[in-house]
Amino acid sequence: MSASSPFLLAPKGPPGNMGGPVREPALSVALWLSWGAALGAVACAMALLTQQTELQSLRRELSQLQRTGGPSQKREGYPRQSLPEQSSDALEAWENGKRSRKRRAVLTQKHKNDSDVTEVMWQPALRRGRGLQAQGYGVRIRDAGVYLLYSQVLFQDVTFTMGQVISREGQGRQETLFRCVRSMPSHPDWAYNSCYSAGVFHLHQGDILSVIIPRARAKLNLSPHGTFLGFVKL
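At position 11 of the sequence shown the residue is numbered 11 (UniProt numbering), and the sequence of numbers has no breaks.
Watch out, some of these pointers could steer you wrong.
[What the hints assert, rightly or not] Beta-carbon label-pair distances, calculated as ranges:
#1 Thr50 with Trp190: 47 to 55 Å
#2 Arg182 with Gly206: 14 to 22 Å
#3 Pro185 with Ala216: 32 to 40 Å
#4 Ala216 with Leu148: 30 to 38 Å
#5 His187 with Gln56: 54 to 62 Å
#6 Phe160 with Leu39: 21 to 29 Å
#7 Phe160 with Gly131: 53 to 61 Å
#8 Leu234 with Gly136: 35 to 43 Å
#9 Phe178 with Leu48: 50 to 58 Å
#10 Pro185 with Cys44: 48 to 56 Å
#11 Arg182 with Gly230: 15 to 23 Å
#12 Cys44 with Ala191: 54 to 62 Å
It should be emphasised that the hints constitute simulated quantities derived from the structure, not laboratory data. Only a predicted model underlies this, so the values are computations on that prediction, with no experimental measurement involved. Backbone N, C-alpha and C define an ideal beta-carbon position, used for all residues, glycine too.
Taking the hints into account, I'd like the entire structure generated from these sequences.
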């Protein structure tokens, strides 16, 4: 009798998974996918509806603001202006003011009772040549040419904005050469700010250059290092 040959089969795969790989039915997978897609569509629709509602609310508020002319600004006192609005108002005041004449080293300052400007009287501190002539509150040009003009005013004022305007009067017209505006702290102990301007200009014989501080009774630091005016012929 021939001996039998044993033949043993073992499951293919890691130990412990005696049942072999299990395959989920295709119908179950399709159902899960369809439910997920439906839930996603519902969520998107709800989000879109919410956004449309908020957009309509914003449109209603905007139309109400346009009809009423903007949000109400009636508070105690006057509404506080933004810095660009303040600067624009200050520049308009400068255009309406007359003149303030200068040169180098302050002697005194003058206030006009009939306008919102302050003038400064100047005296020469450093002079070379005879091309310029200080005339109280102004400087007259004797020699025509191209000049470097620079000016600084040191303010000690709590007014919200301070500044200076340098203008030229001559040949039957008056024009602004440059201007400077600075915001000021509201506390008196901190209200120190300087306004410096410089530029190169062609000046004609007989021109009178002026500095305007567009504030009545402006508080200035009249020291030579704080407030000055200078010319350099190029």
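Here is what the structure says about each hint:
no.	hint	in the structure
1	Thr50 with Trp190: 47 to 55 Å	49 Å, holds
2	Arg182 with Gly206: 14 to 22 Å	32 Å, violated
3	Pro185 with Ala216: 32 to 40 Å	20 Å, violated
4	Ala216 with Leu148: 30 to 38 Å	31 Å, holds
5	His187 with Gln56: 54 to 62 Å	47 Å, violated
6	Phe160 with Leu39: 21 to 29 Å	59 Å, violated
7	Phe160 with Gly131: 53 to 61 Å	39 Å, violated
8	Leu234 with Gly136: 35 to 43 Å	26 Å, violated
9	Phe178 with Leu48: 50 to 58 Å	56 Å, holds
10	Pro185 with Cys44: 48 to 56 Å	54 Å, holds
11	Arg182 with Gly230: 15 to 23 Å	19 Å, holds
12	Cys44 with Ala191: 54 to 62 Å	59 Å, holds
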